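K.L.:
Using the hints, position chain Y against chain P.
Top line first, the protein sequences correspond to chains P and Y. The opening position of the first sequence corresponds to residue 1 in the numbering used here, with each subsequent residue numbered one higher. The opening position of the second sequence corresponds to residue 345 in the numbering used here, with each subsequent residue numbered one higher.
Since the hints were derived computationally from the structure, they do not count as laboratory data. Be careful, since some hints might not be right.
[Unchecked claim] Cβ-Cβ distance ranges computed for the label pairs, FRET-style:
#, chain 1, residue 1, chain 2, residue 2, range
1, P, Glu191, Y, Asn591, 53 to 63 angstroms
2, Y, Gly440, P, Glu292, 32 to 42 angstroms
3, P, Gln70, Y, Asn363, 34 to 44 angstroms
4, P, Thr209, Y, Ala499, 33 to 43 angstroms
[What the hints assert, rightly or not] Capping the alpha-carbon separation at 20 angstroms, the derived lysine to aspartate or glutamate pairs in DMTMM-like fashion look like this:
#, chain 1, residue 1, chain 2, residue 2
5, P, Lys222, P, Asp240
6, Y, Lys500, P, Glu278
7, P, Lys156, Y, Glu622
Computed from a prediction, not measured in an experiment: that's the story for all the values here. Backbone N, C-alpha and C fix where the C-beta goes; we use that ideal spot for every residue, glycine too.
Here are the chains, one letter per residue:
There are 2 protein chains.
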Amino acid sequence: MTLPATMQALVTREGGYANNPGPHIDALSDWCELRELPVPEPEEGQVIVRVALASVNPSDLHYVKGSYGQPRIAGGPAGFEGTGEVVAGKGKAAEGLVGARVAFVAPLGGAWAEYVALDHSIVIPLRPDLLEEDAAAQIVNPLTAMAMFDLVREAKAEAFVATAAASQLGKLLAGLARDHGIPMIALVRRESQLALLEEKGAAEALQTTAPGFAEAFAGAAKRLKPRVLLDAVADQVSADVFFAMPNRARWVVYGQLDAEGPRLPQIGTLIFTGKRIEGFWLTEWMRAASSEKRVGVVQEVQARFAEGRWRTDVTATLGLGDALAGLAKALETPDGKVMIRPGA
Amino acid sequence: MTLPATMQALVTREGGYANNPGPHIDALSDWCELRELPVPEPEEGQVIVRVALASVNPSDLHYVKGSYGQPRIAGGPAGFEGTGEVVAGKGKAAEGLVGARVAFVAPLGGAWAEYVALDHSIVIPLRPDLLEEDAAAQIVNPLTAMAMFDLVREAKAEAFVATAAASQLGKLLAGLARDHGIPMIALVRRESQLALLEEKGAAEALQTTAPGFAEAFAGAAKRLKPRVLLDAVADQVSADVFFAMPNRARWVVYGQLDAEGPRLPQIGTLIFTGKRIEGFWLTEWMRAASSEKRVGVVQEVQARFAEGRWRTDVTATLGLGDALAGLAKALETPDGKVMIRPGA
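Next up, chain P with everything else stripped away, as it sits in the complex (with noise of 0.2 angstroms):
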């Protein structure tokens, strides 16, 4: 298969680390710019994927933004996670998965774009029973979802809670709270995502919102005894929840959608309550997890969405060109998921 010679790919203005905290963007031309470039060749050990789906995740926008936890290169395609066809390949198992429909995750970028250039030990070859939304999106949230499960059970919480629980990963982890039957608090925005996040399996759903949320919540918690809180937002309302959990709760920042931050009066009584805060990060999480358990969790997360157990909700999919003026305006829509087709 002849590949072009170029391709279109939207990629990050500047390079390095800028202090410009939260995901939210008002229009993505702020960041990046819609480019032709080569289309690359393989490496050694490298297989060429052409894109035919990426999904745009709170870490992307952080990336672009320059506080993602990793630089930004300048000119180089943004966009972590998405699904397409492996077309070429360098060297023999790199070439073995020529026609092979993968998911990935592009640790340096480049799912914007047409055409990426990745390790062959990092694509990973689908189940033909996964619809190309799921493929798009089985990686970062899912991992997410089941890693943080995982420090759940591990941490014997009776309980937890999961703030924005409207997101697409909120509901995975209803899911896997229901399955594994360890009640799940859902916390939410709007009225009209109580009952979403019920019928995907949350215990209970509460909005944060509402007036009384303080006392519903505190109700709930004496009830469930929740102890751990998997927090996306990180602002003030995800600082009381927390110090109104019961003594040896954890808060474990893995997003921060607030920029202005908590303040935290009470945290003093860190000292008494054998309380914590820490951060979560997929990327250290899967440096520190053995290859056994990464490979395991992969499969668990295919089965689950080819049994139909998860789903994603798509509420927008553009083409490169239409994200850079659109896709601010397409990640208002709350409870599901805005892909990007690069061949669109």
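P.N.:
Using the frame of chain P, we list chain Y on its own:
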């Protein structure tokens, strides 16, 4: 020996918890009053100690205000730590201690009284060469210093940071740091405390209120790579210091001198840095430590004082009645401990 029927004691006026953050008091008389109480009778296994000298710790002030980790006993004597002579006992082991000079922590309070009843197993017989002021402040601060230094060592920290380092506890930590070759960065509020801390053993002393503190700390952190912050203050300076520390740093809050608490706009960086925030409470550490470890630590503490490697700096000694009006003022003098002498 015949004991008198009644005694003087400083008792807490109210019981239970209250939301009065921080150890600061305007006057002890806001929280305590002087009462005549029956001298306690020993129950089986208990000794009666005639209190010679009691120390005033932040935990005492948190307790009388209702913001400590255990509820106040209304009308019960306050004061956790002191030294004195065993003057009575019930049961063989307790009677055998009569005449002994001991140090103690009274778990339910009682050191700010002429006599206190204690389980015989928790009083610590003293080496004859220990000074009275070292005996009166031998447990709370020294054991906390030892236990937290242990945490620094177990974390394999190359260096550590201590806030409010001109406190008695901070000075004990500085000595441990020097003796064990783990550099301590001492943070103090007053310029006059800088030389003191370096003399006590700090590798570096920095004034948090000086212009250019942030840059000075960043330089020290880069050079020494501290990964543990032992923090008695829990204010914005502590938070900023923590976020300026290297990856995988731990912020260990063991006191809260600041009632307002910090704002944490950078809490999202926990995701990528592997840092965490937790508390330290000596009572919990004691519960979790093996009895061998506890005994070993107690012996090491006495030896350090007896050999002059540690010293208790006393800034004032008050009688029970004088403390009601005078304690708050006496506590304003920095860099040392205030003592209460019940028999005075």
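K.L.:
Indicate, hint by hint, whether the structure satisfies it.
P.N.:
Hint check:
1. P:Glu191 x Y:Asn591: 53 to 63 angstroms: Distance hint for P:Glu191, Y:Asn591 is violated at roughly 40 angstroms.
2. Y:Gly440 x P:Glu292: 32 to 42 angstroms: violated, 60 angstroms
3. P:Gln70 x Y:Asn363: 34 to 44 angstroms: holds, 43 angstroms
4. P:Thr209 x Y:Ala499: 33 to 43 angstroms: holds, 40 angstroms
5. P:Lys222 x P:Asp240: Holds, at roughly 15 angstroms.
6. Y:Lys500 x P:Glu278: holds, 19 angstroms
7. P:Lys156 x Y:Glu622: holds, 19 angstroms
The earlier numbered hints that this structure contradicts are 1 and 2.
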